[in-house]
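Visitor: What follows is the residue order along each chain.
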Amino acid sequence: MTGEDAELQQTPLHDLHVALGGKMVAFAGYAMPVNYRDGIIKEHRHTRARAGLFDVSHMGQVRLHGAAAAEAMESLVPVDVTGLAANHQRYALFTSRTGGILDDLMITNAGDHLFLVVNAACKDQDFALLHDGLAGRCEVEELPGRALLAIQGPGASAALAALAPEAAALVFMTAARLDIDGADCFVTRSGYTGEDGFEISVPADRAEALARRLLEQDGVAPAGLGARDTLRLEAGLCLYGNDIDAGTTPVEASLVWALSKARRAEGARPGGFPGDEVILRQLAEGVARRRVGLRPEGRAPVREGAELIDEAERVVGKVTSGLFGPTVGGPVAMGYVETAHAKPGTALRALVRGRPQPLEVVRLPFVQQRYYRG
Amino acid sequence: MSEIKFSEDHEWILIEDGIGTVGITDYAQEQLGDVVFVELPEAGKTLAKGDEAAVVESVKAASELYAPVSGEVTEANDALAEDPAQVNSDPLGGGWFFKIEIAEPSELDGLMDEAAYKAYVEGLG
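Chains as they are written, first to last, in the working numbering: chain P, 5 to 378; chain U, 1457 to 1581.
Each hint should be verified, as a subset may be incorrect.
No more than 16 Å apart at the CA atoms, straight line, and that leaves these computed lysine to aspartate or glutamate pairs for EDC-like [claimed, not checked]: (1) U:K1505 with U:E1486; (2) P:K46 with U:E1486; (3) P:K265 with P:D280; (4) P:K46 with P:D19; (5) P:K27 with U:E1498.
Computed footprint of chain U on chain P; a stretch qualifies when at least three of its residues, placed anywhere within it, have a C-beta under 8 Å from a C-beta of chain U [unchecked claim]: (6) 53-59; (7) 241-248; (8) 302-308; (9) 320-330.
It should be emphasised that the hints constitute simulated quantities derived from the structure, not laboratory data.
Glycine included, each C-beta is placed from N, C-alpha and C at the ideal position.
Given the sequences, and given the hints that come with them, work out the whole structure.
Guide: Below, the structure is given as structure tokens:
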């Protein structure tokens, strides 16, 4: 262990990662497994074919208590929270006064409270935002004592149902509080791989036992952050800090689907979230650049930061995520391009080590999402 | 007579009759993870020791391979274009990158032999 590693936080599954041969790297202040013995490509393929078990305990978990919690939360996100039915989950964005994205998150109506999951790297900022922004209107309870596991893939449902049969009855973006081997868990049928699957919030002291039980199930193998990244990019999902940040708005980021109808100009509760003027204006008038999928020709991956040029060799955009997609079997990327070049089928070139590499603007996702909708 | 030497950048060079075959070590491929693309120098290219000679891309990142000695490239391993995973499965064999005509044999003295390299890697923890 170097001095740098010693400062990293560890999740409740740290010993298990090490025992499973996890290659530990620094991520958002945590020591996390980028992959295990099988490597990223095998873990990715296994998740798409069977089931991958991911530790996402570095992410922030929060409960909001109080009758006014949903209404208060609507002052921070351009999303319909008050209309979210019990045991239903929704994707949301914290926006800034200028319409930028401060973080993306999941909100679940857990019946007597709201349950939030935020990104690890934004945790401190988000907790401060919640405490300040919701002060006096609801109680904000951070949950450092809970771990978060994600089991993803076509075999996820059978594997989890072997321990908690009720899980199989959930559909995509719904939730249930389940007793799993005596542990008080909060389970949502969701994830960030494009596959069917679940995220399981579990008390930290029960996390390793639960992970081991899941790994005993047929077809379940551990998968690291590397596979999580390749899976989410093939599924067309944004990585905060790469594809979305405070300098990109939801409209530029092609996340218009996440802006609830109720919060739009023609909706029941228009505006009332940070940056509403900018975002609603962009919805009406359009934007100068947009996030798109990019499919490079050949085998060489086009990485984040690569500039995109048009036929006249003018820079018209930039890659924000790029890697080798194991299911696609070639390089995949996404990035921002000027709206005139955002149409699927548009031919552009990326500068890779100074040389132009042809690529095409394509519709996302690269790999069809396979969520379970019942 | 053949001899194998190693650099601190985790490259190996197998020397036979003044020609060096260059690749990356098992330690290096292990650190990189799954290799998905390799960009190789063309035959005829002249490299000085330390020049960027090739690029090796894993799923998540690109890394450079530096020339361990000076000389002219005589051949590149074109098989890696179709099957870059050989760098992982057979780093000291089928996963070789290129061959170079060694211009300054004295440069080899600055490289490690197998025992020294083994100790070097163990020292990295």
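Visitor: Hint by hint, note whether the structure agrees.
Guide: Hint by hint, here is what the structure shows:
A hinted pair counts as satisfied when its Cα atoms are at most 16 Å apart, and K1505 of chain U with E1486 of chain U does not qualify at roughly 24 Å. Restraint check for K46 of chain P and E1486 of chain U: the C-alpha separation of about 14 Å stays at or below 16 Å, so the hint holds. Among the hinted pairs, K265 of chain P with D280 of chain P is consistent with the structure: their alpha-carbon atoms are about 13 Å apart, no more than 16 Å. Under the criterion of a C-alpha separation no larger than 16 Å, the hint pairing K46 of chain P with D19 of chain P is inconsistent with the structure, at around 22 Å.
Straight-line distance between C-alpha atoms of K27 of chain P and E1498 of chain U comes to about 34 Å, which puts the hinted pair past the 16 Å bound. Residues of the stretch 53-59 of chain P with a Cβ under 8 Å from some Cβ of chain U number 0, which does not satisfy the need for three, so the listed coverage is violated. Three residues within the 8 Å Cβ limit are the bar, and the stretch 241-248 of chain P against chain U gives 0, so the coverage statement is violated. Check on the stretch 302-308 of chain P: 4 of its residues sit with their Cβ under 8 Å from a Cβ of chain U, so the three-residue criterion for coverage holds.
Coverage of the stretch 320-330 of chain P by chain U holds. Counting CB-CB distances below 8 Å, 3 residues qualify, and the rule asks for three or more.
In summary, the numbered hints that this structure violates are 1, 4, 5, 6 and 7.
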